[in-house]
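**Q** Next come the chains, spelled out residue by residue.
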Amino acid sequence: MKNLDILIIFIKIFGIFIFTGFGFNLLFLPKKLKELSFFLSPIIGLILIIVSSGILSFGRVSLNIGSYVIVLISILLFFYALIFGVSMRIFLKHAISFSLIIGLTLFLFPFNNVDISNFQGFEFFREHTVIDTHTFNRTFLQNFMEIGLASPAIFMSIILRENIQTILQVLPGVYLTFFFLSVFFPAKILLKRNTKAYIILGFLYLLMWYQNFSTPLILFLTFVFFIFGLTYEHISSEAKVPLNLLLPTEYEVMMGLSLSAIASVFPYGFKVVAFSLVFLAIYMIMKKASSNLNRGKDINLFFAMCIKIIFITVLLNPVIIGLVLR
Amino acid sequence: MIPIIIIPIVTIALLFFLGIGVTTIVVPKKIRVHSIWIIPWVTITLIIFFLTLLSLLGLPVKQSMPIVTFFLLAIDVYVWIKKKLQRPAHIVQDIILTVFIIGTVFFNISPLLKTEKQLTTLSLGNNDAIVYVMSPDYLLNHSILDNFTKKPNTLKPAEASVTGLIQSSYRFGPPMITAFFLPLFDLKAYQFFTIFQAVIFALSIPLVYLVLKVLYKPSTLGLVIISILIGFNANLLYIIYHDFFGQVLFWGISLCLLIYFLFYFETEPKNSKSFTYFDAGIGFLISILFLSYHEGAIFVLAPLVILLGIRFILKKNSLKYWFSLTRIGMISIILMPFAIANGMVLGLEQAGNTGGPIGWQLFRSNIPYANPFEMLGFYSIHSFDPLPSVVAATLSSLVVLLIMIGFYHSKNKLLMLSLVIIYLGFLIWTGPIDQNFFTYNRVVTYTLPLFIVLFAIGLLEAGKKMPRQLGGYVIVALLALTLYSGIQLNKRYLREFISIDRSLISLQELHDSSIIQQPIYTEQALTGLTSLWRQMWIEYFLYPNKSLYSPFNFQASHKTKIKDGSLILLSKTSIVYPPPSILYTDTMWENQYFKLVTICNSDQCLLRRKENLSLIKFKDSSYEDSLLIDGWSLKEKDHRWTDHKTATIRFITQTDTQQMIVEVESLKQPQMMKVFINNKLAGQASLTDIPEKYTFPLGQLPGGIHKIRFEFSHTYKPTDISKSDDTRDLAADFTLIQLK
Numbered sequence: 032m033k034n035l036d037i038l039i040i041f042i043k044i045f046g047i048f049i050f051t052g053f054g055f056n057l058l059f060l061p062k063k064l065k066e067l068s069f070f071l072s073p074i075i076g077l078i079l080i081i082v083s084s085g086i087l088s089f090g091r092v093s094l095n096i097g098s099y100v101i102v103l104i105s106i107l108l109f110f111y112a113l114i115f116g117v118s119m120r121i122f123l124k125h126a127i128s129f130s131l132i133i134g135l136t137l138f139l140f141p142f143n144n145v146d147i148s149n150f151q152g153f154e155f156f157r158e159h160t161v162i163d164t165h166t167f168n169r170t171f172l173q174n175f176m177e178i179g180l181a182s183p184a185i186f187m188s189i190i191l192r193e194n195i196q197t198i199l200q201v202l203p204g205v206y207l208t209f210f211f212l213s214v215f216f217p218a219k220i221l222l223k224r225n226t227k228a229y230i231i232l233g234f235l236y237l238l239m240w241y242q243n244f245s246t247p248l249i250l251f252l253t254f255v256f257f258i259f260g261l262t263y264e265h266i267s268s269e270a271k272v273p274l275n276l277l278l279p280t281e282y283e284v285m286m287g288l289s290l291s292a293i294a295s296v297f298p299y300g301f302k303v304v305a306f307s308l309v310f311l312a313i314y315m316i317m318k319k320a321s322s323n324l325n326r327g328k329d330i331n332l333f334f335a336m337c338i339k340i341i342f343i344t345v346l347l348n349p350v351i352i353g354l355v356l357r
Numbered sequence: 010m011i012p013i014i015i016i017p018i019v020t021i022a023l024l025f026f027l028g029i030g031v032t033t034i035v036v037p038k039k040i041r042v043h044s045i046w047i048i049p050w051v052t053i054t055l056i057i058f059f060l061t062l063l064s065l066l067g068l069p070v071k072q073s074m075p076i077v078t079f080f081l082l083a084i085d086v087y088v089w090i091k092k093k094l095q096r097p098a099h100i101v102q103d104i105i106l107t108v109f110i111i112g113t114v115f116f117n118i119s120p121l122l123k124t125e126k127q128l129t130t131l132s133l134g135n136n137d138a139i140v141y142v143m144s145p146d147y148l149l150n151h152s153i154l155d156n157f158t159k160k161p162n163t164l165k166p167a168e169a170s171v172t173g174l175i176q177s178s179y180r181f182g183p184p185m186i187t188a189f190f191l192p193l194f195d196l197k198a199y200q201f202f203t204i205f206q207a208v209i210f211a212l213s214i215p216l217v218y219l220v221l222k223v224l225y226k227p228s229t230l231g232l233v234i235i236s237i238l239i240g241f242n243a244n245l246l247y248i249i250y251h252d253f254f255g256q257v258l259f260w261g262i263s264l265c266l267l268i269y270f271l272f273y274f275e276t277e278p279k280n281s282k283s284f285t286y287f288d289a290g291i292g293f294l295i296s297i298l299f300l301s302y303h304e305g306a307i308f309v310l311a312p313l314v315i316l317l318g319i320r321f322i323l324k325k326n327s328l329k330y331w332f333s334l335t336r337i338g339m340i341s342i343i344l345m346p347f348a349i350a351n352g353m354v355l356g357l358e359q360a361g362n363t364g365g366p367i368g369w370q371l372f373r374s375n376i377p378y379a380n381p382f383e384m385l386g387f388y389s390i391h392s393f394d395p396l397p398s399v400v401a402a403t404l405s406s407l408v409v410l411l412i413m414i415g416f417y418h419s420k421n422k423l424l425m426l427s428l429v430i431i432y433l434g435f436l437i438w439t440g441p442i443d444q445n446f447f448t449y450n451r452v453v454t455y456t457l458p459l460f461i462v463l464f465a466i467g468l469l470e471a472g473k474k475m476p477r478q479l480g481g482y483v484i485v486a487l488l489a490l491t492l493y494s495g496i497q498l499n500k501r502y503l504r505e506f507i508s509i510d511r512s513l514i515s516l517q518e519l520h521d522s523s524i525i526q527q528p529i530y531t532e533q534a535l536t537g538l539t540s541l542w543r544q545m546w547i548e549y550f551l552y553p554n555k556s557l558y559s560p561f562n563f564q565a566s567h568k569t570k571i572k573d574g575s576l577i578l579l580s581k582t583s584i585v586y587p588p589p590s591i592l593y594t595d596t597m598w599e600n601q602y603f604k605l606v607t608i609c610n611s612d613q614c615l616l617r618r619k620e621n622l623s624l625i626k627f628k629d630s631s632y633e634d635s636l637l638i639d640g641w642s643l644k645e646k647d648h649r650w651t652d653h654k655t656a657t658i659r660f661i662t663q664t665d666t667q668q669m670i671v672e673v674e675s676l677k678q679p680q681m682m683k684v685f686i687n688n689k690l691a692g693q694a695s696l697t698d699i700p701e702k703y704t705f706p707l708g709q710l711p712g713g714i715h716k717i718r719f720e721f722s723h724t725y726k727p728t729d730i731s732k733s734d735d736t737r738d739l740a741a742d743f744t745l746i747q748l749k
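If you read the protein sequences in the order shown, they are chains W and X.
Heads up: the first sequence begins at 32 in the working numbering, then just goes up one per residue.
Heads up: the second sequence begins at 10 in the working numbering, then just goes up one per residue.
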C-alpha cells in the first residue's frame, strides 16, 4: 500500500474513532477532564465500539447492522450534546500536542510490516454473532475472546467500505497512537507540565518500537493508563465527590466501560487490572490522597466506588466477565 | 394434600418477608404507602435480576440463591433496626384482597386438590410447561454460561427445551424465579410450577386494584369488582391453564410499571437533571421485562413514545418528560443491554412474520375473536357459541360505553390516552387487518387489566347515576356472568387437564438406577411421535443420568438398524396410546408402569424366534412393531393404517410359502395397491372402502427373511371425507397380512 493511501485511511479511521467518542465524551466526561477531551475522545470511541459490539453481538445483532447502530447512537449523542448546550470550544485545547503525537506515529510506525494473517477469523463477525457456534464449528468461548479485537476492524471496514486487510494494516498504528494518548493523559495530570509528558512519551515510543508489542497488549496498556488516569482523578479530585453511595459518577461509568473493554481484548489482563486497581485504591486511601474527606467517609465511598465499578463492568457484559473469571 | 395447601401460602409469605426491607429503601414512598402488595413484586423482580446476573457470570442457582437470600434478609434486618417497616394502611381492603388471592390460587389449582392429590404439573393441552419446568431444574445446577459454553449432548433431548429458552429468547425471568424456591421447599420444578403460576397470577390482582385506586379513588366495591373481573376472567384463565407462564409474569411486571408511570407522570417532573428512584425503578422494571417476556415490552414502551408526542403537540412539559425518558432509557440500557437488543431483534422478526401458520386450534369454530363483552369475561369464547350478532353488538357497545365513561372519570388522562391508542392499534392490527385469532387473543389478554380498570370505573360511575337497587342488580349480574364463565372454564380444566401422572413420575426410579448405563430407546423413537406430552416428561424424568434416543434424535424409519440387546423403554399399559409390540429377549428393569427390555431386532435374532413371524393379525399381535418398517401409522386396537403411499414390512418364514393373503380396505375409492416381495411385483388389486381379503400367488418362496412393499395410488384425509379431526394422509387399513 502506498504511503498516501495509508495516510488517508489512517486519518479516516482516526476521524471515525473521534466522532464515535465525541458525543459521549461531551455528555459524560467528568467536567474536570473535559479539557483533555480531544485526547480521550478516540480512546472512548474505541472503548464504545468494543463494548457495544460485544453487547449487540450477544443480543443477536451482527456487526453488519450493529456498526450502523453504533454510528447512529454516536450521531444522536453528538446532536444531543449540541442541542443541550455543551460547549465545544474546550474540545480544541491541546490540539497541538495531539497532532504531534499522531504525526510522530505516522512518521515512524512500520505500516508495511504489519501481520494481517488473522483477518479471516475477524471476518466471521461481520455477518455472525457470538452465539453462532455449532453450525460454524466455533465455540462460544472462542467467539467471545475474539470479538473484542475483531469488532473495531470490522466496524471500520463496514463504515469506510474498505476491505479488512487494508484496515488491519493501518489499525495497529492507530492503536499505538491511542496508547501514547492514554499515557499522556495521566502524565499530564501527574506531571502538570507538558514537557515532561513528552519526554515520557518519547521513551515509551522507543520502547514499543523495539519490543514490537502485540495489538492486544497495546490496547490493554492503553486502557490501563486510561483507567489509571481516571482513578487518580476520581480519588484525588478536589471537586466534591458525590456523596450518593448508590448512583455512579461519570468516572465510575467510564472505568466500568474501560474494564469491560479490557476483558474483551485481553481477558487475562483483566484480572491483573482488577486486582491492581483495588490495590492502588487502597494504597491511595491509606496515603490519604484525598485529603479533603475524612477517613470514615473515604472508606465508605471507596467501597461504594468499587462496588459500583464492578457492577457496571459486570452489567455491561456479564458473560465475558464470567468467561474471564473461569 | 397438605403440601398443596401449605406451599402457596408459604410462597406468598416468603415473597413478603424477603422483600419488605428492600421495598422500604427503593420504592418511592408515594407508591409504598398506597399498598403493601407491591412488596412481593419487588422480591420477584430483584430475585430475577440477581439470579440472572450471577448465572450469566457462571453461578448456578443452588449457589447464588443463598447469596441473594442473605442479601435480602440483611436488608430486612437493616431496615428493621434503622428504619420504620412498612405497615398496612388499609387493613379491611387488604383482608378482602388476601381472601381473593388465596381463593383464586386454590380455584386455579383445583385439579390438584380434587383429582391428582399430589404436587404435579397440569395443562389444558399446551406443552409449554416442559420449558418452564425443565429450565428451573437445569438452572439449579447449571449456569446460563454453562448452557452457552457446553456442547449440546444429542442423547439428552430434554436439554433442548432449556437451550431454546435460554439461547433463543433470553427469557431467564420465569425459570430463575421458579428455581429460587425449589431448594427452599426441596421440590423439583414439576411439583412447584402449577402452584407457583397460580400464586403469581393471584398476586397481580392487588396491582390491578392499585391502578384503579390511583386512577379513580379507593373503593371497596371497586376492589370486589376488580378481583372478580380479573380473578375469574375466562380469557386470562385460559392463559394460565395453558401454562403461558411468561405472560402471567408479564401481567405483574407490566402492572408494576403502569403503577410507576401513574405516580411518576402524575405530577410534572420537577428536576430534569438528576436521577430519581422513579427513574431507577422504571429502568430496572423495563430490564426485567426484557429478561422475562420481551413480547409484551412494546405494550409498555410504545405508549411512552405516544405520550411524548401528545405532550409535544399540547406543549405540556415535553422537554422535561424527554429528559425523564432519557434517564430511564439509560438505566435500562446499562442493566442487561444485551437482553434489550435481543428482545428488539426478536420483536422485529416476529412482527415481520405475522402471516406464518398458527399452531393452535380455533377457540371456537365461529367467530373465534372475542368482542368487548367477551373480552371482559362476561361470556366465554372458550365455552359457548357466539351470541347472535345484534345481541353481541348491543352488549359490546354498552361495555365500550362504560369503558369510555371510565376513561372520562379517570385521572392522568394523557397517559391513559397513550395506552389506549396503542392497545386499540394492536387489537385492530391483529384482528380485522391480520386476522390472526391467536395473536389477537394474546393482545386481548395483554391489554385486559387496563380495560377492566376503566370498565370498573365506568361501572362505578354509572352505578351512581342509576337508581340504587338497579345499579346493584346490574353489578351483581355482571359479576355473576364473569363467575359463571370462569367456573365453566375451570370445570373444563377439571375434565380435560393433562398432568404429569404417577406413571411418568415413577421413572425417577430408573433415572436413579446405577445399573443401567447404556443409551435407552424410548418407545416413541420406534413408533414416531405419538404423544408429545408423554415423550417430553419421559425425557425430563430420565435427565440427566440416562442417555436417550427419542423421536427428536432418532428416525423411526431407521428402527431396523437398532442392534440386538439395545435397551427399549416400553409402557406396560396403554396410556394415551397403545405401547408398541416388539420382540425382546430380557427385561432389565421394570415397575408398575414401565419395563426396560433388550430388543431382538436383527434378522438373525428374528430367525431364531419361535413365534410365527410370517403372519400379523393386528387384533392380537404381540410383535407387529418388530416387523413393520416404514409407512405405518399409529398402532390401533385391531387394525393399522398406512400413512404414506408406500409401506414396508419384513416377514420371516421357516418353510417355503406359496401365497400372500391380506385383509385390507381403503378410506376411499379409487385405490390401487401393488404388492412387491423382495422388490419383485407379486400382484396388484383395486381396493374398496370395505375390508376384503386379497390373495397374491408367490410361486415357491423359500424360507428366510422377506421384504414386502405395498404401493398405493392415493392417500386421503379423513377430515376431507367426514366430520373428523383426523388430518393424517391415509392410504389403506390392514387387519391381516400373512405369508402362507
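Careful, some of the hints might be misleading.
[Said to hold, decoys possible] Below 25 Å or equal to it, Euclidean Cα-Cα: the simulated DSS-like pairs (lysine-lysine) are: (1) W:Lys62 x X:Lys329; (2) X:Lys165 x X:Lys732; (3) W:Lys302 x X:Lys159; (4) W:Lys339 x X:Lys644; (5) X:Lys572 x X:Lys474; (6) X:Lys581 x X:Lys165.
Hints in this document: simulated from the structure, not taken from any laboratory.
**Q** Which of the numbered hints above does this structure break?
**A** Numbers 2, 4 and 5, in rising order.
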